[in-house]
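Fit chain to chain and form the complex, with the hints in mind.
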Amino acid sequence: MLTYTADEMMTVTAARSLRNGMTCFVGIGLPSEAANLARTTHAPDLVLIYESGTIGSKPGQVPLSIGDGILAETADSVVSVPEIFNYWLQPGRIDIGFLGAAQVDRYGNINTTVIGPSYDSPAVRLPGAGGAPEIAGACKEVAVVLRQSRRTFAERLDFVTSVGFGTGPKTRRELGLTGGGPQLVITDLGVLRPDPGTMELVLAGIYPGVSVDRVRESTGWDLIISADLSEIAPPSEAELTALRDLLGGGSPSRQANADGTASARRSAVPVSIAVPVTKGVPT
Amino acid sequence: MAQIVTLSEAISAAVADGDTVAMEGFTHLIPHAAGHEVIRQRKRNLTLIRMTPDIIYDQLIGAGCAHKLIFSWAGNPGVGSLHRFRDAVEHSWPQPLELEEHSHAGMANRFQAGASGLPFAVLRGYRGTSLPARTAGVADIVCPFTGEMLTAVSALRPDVAVIHAQRADRKGNVQYWGISGVQKEVVLASARSVVTVEEIVDSLDPRPGAVVLPSWAVSYVAAVPGGAHPSYALGYSDRDNDFYLAWDEISRDREKFAAWLDDNVYDRSGPGTADEA
Chain G
126 MLTYTADEMM
136 TVTAARSLRN
146 GMTCFVGIGL
156 PSEAANLART
166 THAPDLVLIY
176 ESGTIGSKPG
186 QVPLSIGDGI
196 LAETADSVVS
206 VPEIFNYWLQ
216 PGRIDIGFLG
226 AAQVDRYGNI
236 NTTVIGPSYD
246 SPAVRLPGAG
256 GAPEIAGACK
266 EVAVVLRQSR
276 RTFAERLDFV
286 TSVGFGTGPK
296 TRRELGLTGG
306 GPQLVITDLG
316 VLRPDPGTME
326 LVLAGIYPGV
336 SVDRVRESTG
346 WDLIISADLS
356 EIAPPSEAEL
366 TALRDLLGGG
376 SPSRQANADG
386 TASARRSAVP
396 VSIAVPVTKG
406 VPT
Chain C
77 MAQIVTLSEA
87 ISAAVADGDT
97 VAMEGFTHLI
107 PHAAGHEVIR
117 QRKRNLTLIR
127 MTPDIIYDQL
137 IGAGCAHKLI
147 FSWAGNPGVG
157 SLHRFRDAVE
167 HSWPQPLELE
177 EHSHAGMANR
187 FQAGASGLPF
197 AVLRGYRGTS
207 LPARTAGVAD
217 IVCPFTGEML
227 TAVSALRPDV
237 AVIHAQRADR
247 KGNVQYWGIS
257 GVQKEVVLAS
267 ARSVVTVEEI
277 VDSLDPRPGA
287 VVLPSWAVSY
297 VAAVPGGAHP
307 SYALGYSDRD
317 NDFYLAWDEI
327 SRDREKFAAW
337 LDDNVYDRSG
347 PGTADEA
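Chain order of the listed sequences is G and C. For my numbering, add 125 to where a residue sits in the first sequence, where the first one is 1. For my numbering, add 76 to where a residue sits in the second sequence, where the first one is 1.
I should point out that these hints are in silico values taken from the structure, not numbers from a laboratory. The hints are all genuine.
Short, incomplete list of chain G residues facing chain C, as computed with Cβ under 8 Å:
1. ILE153
2. GLY154
3. SER205
4. GLY253
5. ALA254
6. GLU259
7. THR286
8. THR296
Just some of the chain C residues that point at chain G, by a computed CB distance under 8 Å:
9. HIS104
10. GLY154
11. GLN188
12. GLY201
Just so it is clear, CB atoms sit at the ideal spot from N, CA and C, and this is done for glycine as well.
So that you can see chain C by itself, here it is in the shape it has in the complex (with noise of 0.2 Å):
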């Protein structure tokens, strides 16, 4: 059954120094404010996995929180580069990151096969790019039956998963819907998972297309009403283009990042205190 506790609380008990952690959500329902607690508690040489690593990680990286990035597209979406993660692989600033980068294909069969119990997936993908040579994960497999030459990919299996829902109820029970991207395999592939969502409610009504995470899958629940800002919560919030716009300019002076590191995440108590869970 999952526990429900404050944010601070949540990430103290799942996630560890050297932990490899999965905060998902494509695009929509990106776990920011999650994200800001661990980079609050200063936890220190993680492994980093998410497929569209975005705002979150740059902050993240360029907090010194990361040691290694497991990833298939690295940018502000829409805006351009992300400048923490490009400092920190091409000058590294404030430290080295290690990477290993799929394609997004290769990265939702690798949740997918951690999700199954599986060691490896199989799909039709990365044959002829650079990318099998340089990464980790990615190798030849014969289909046993046709004799088709595919492709395997390592399962993924993260010691924490992080998500932003929509809501749970009192047991719980998470639900989300809108954009659903990989948190249902990322969850389910994690030994341990932090959910936070925009409100606790008696019960979950029924609702068309929505993902129910029932709560003996789940580890921690928080609540977290504006948790994925600047990403967006379907029904709740809009996505803020506009701060995604601003993060190019905050982001691309380590000074300018730092300050506002300080002002905004650091010297927050941060949501999800004791009274809003």
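Chain G on its own, in the form it takes in the complex (with noise of 0.2 Å):
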């Protein structure tokens, strides 16, 4: 029986929502695995794009960094930072970003910068916004990735650092951002896609051996299952062992959370006994 963790299914699961030819605008750790197994399984032609400059790159390993010098000798054009944001993520000419985030609220909005009490006297102060509030805002679409808990997925979110749909379907209309916001939520449970009428996140797709109730519990707020709610399709043996190779042989000191945080080690627990236990906030 093939055996395979939470976050391998995550990942796997992130990998198959892009599509071959589609331009990936990739920011670091778990969003750069996924990007890059779908261009070494079923996407050879994606290109990917780090916020680093580099155009089409294509590493026969995940980087640790968004800068390693793999990404740019592999890379079809090698730009400036101010080239990569102006040029070519402003206009709208990528269809797709894909995210990490430390929480995200029901409206897929994300918080990269800091948790509680306040701004001035954070108990945990994360990296920032980085690239992600124009990703959030100019991609076609956006993907996010991340682990699913009580504390990442939360009924308010302490700081706003990249707008989703805001407080629903008018404010990207409203603010003047010009991609089409959050279409999919993956997370080590499952999916969620926002309602197209309230752009709620609402669970859309679940993992062979989690329960609904399972996801509900690990959810901040009240969560909405779809009525067309799926189970998605464990790893075939092609995409876990592409997806091994790719983590050079998975050393757990080479992987880091959605947003570009520490975890200590993965999960190496079979997915069908599997809780998560790693966070998606540094402590």
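Structure below.
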């Protein structure tokens, strides 16, 4: 029997959301793993764009940073940082932005800045915005990858670093955000999509062995379950092999959370009995 | 014309207590050795600017050089938190750290405005986020032609830019290639600049995609081979990812950090001494 971790299921699911030929603005950590998995499996012509200015990078292994030499050496083009944001991201040329987060709320708004009690004296100081606010604003669509818990799926964000759907269906238009917003949130339990009417995230897909109750318990608001909830197929042997090759044999020290923060270790527990042991927020 | 000097001379001449200093390099070509020289010369009360404050800014903050940080992403890329930065923000150790935080797009445009001699830059960004309420230098602006609501960000004009490059020639013309970040913008936005280089050569061979900063646009050039480590210089060195991973452990503890600083920064004369320049 094929065993895999909850994180592997998450990364494989995220990779499947990328179609061949898309242009993808890639965040570091889990998004980079997923995007490279897609490129080395079903989407060989996926164009990976990193905020360090590399366009069309084709690394053989998942890089530790967004500026490892391999990203420049394998790129179609390397441009300056002002150029990557102003010429390539801002006009809406990029199909999908792939972001990590420390916290999301029900409208897919993202916090990567501070966790309570106040901005001036935070309990946890996170890295901050990076490229995310404009990636979330300008890409034709956005996918967010993060581990799901009551802490990471918050009723209220202490800080809105990047806007999803704001407070509902009108916000993006009112703010002049040109992209389509977070159409997909991929976690270690399942997949959420915005309701087309309210734009509130609803549970649309669930992984084998995960109960709806468990997803509800891991959400900081009263989660709506889609009437069309589907079970997502487990990773294939080919997907798992490709992922483990990309991670260089799965050395845990190389692996980081979606927001670029550290995980001590990834769960190596088979998914059938796995609980999420890592947090999206550094402690 | 750039003066070719030692690293120690360059930092001593260019950086004064209380200055606003931008050390740039986007993952690649980060001027670590120059940062160490700033720590060794015990510069104080600096306003540090950098899009991605990483290990070198963690060290400068922990060493007590900074009173303010202007930035857009403060982390150890792919590894985790910057513990000295967090200690300063969360516990005011070794002193409080004032923050002015932006997005990458905002910071890149602020440097570009500074380099262009403009008071501000315009972009689509920040709107709807909590950033404008918390940060100086962000304002709504209406396009005078279309009426569209956009965002203005104020120009950055540092006192000193510090960057690392692959090469310079003996006249002080500087050449770098690979991931080029915002280095050109920060040098042109700043009143003075220090460029450390892997080597000084007789003449710069043209290279596809390379950026050349002419000598007359640069203040000081110092030869510091390996001066980006643990960052890297494409064609000369690889990113020392093991050190970035190790830094997580070194920096978690104040005493361990202080011991590391003693052994690796204070107790060394540093690279780029006279015979190397």
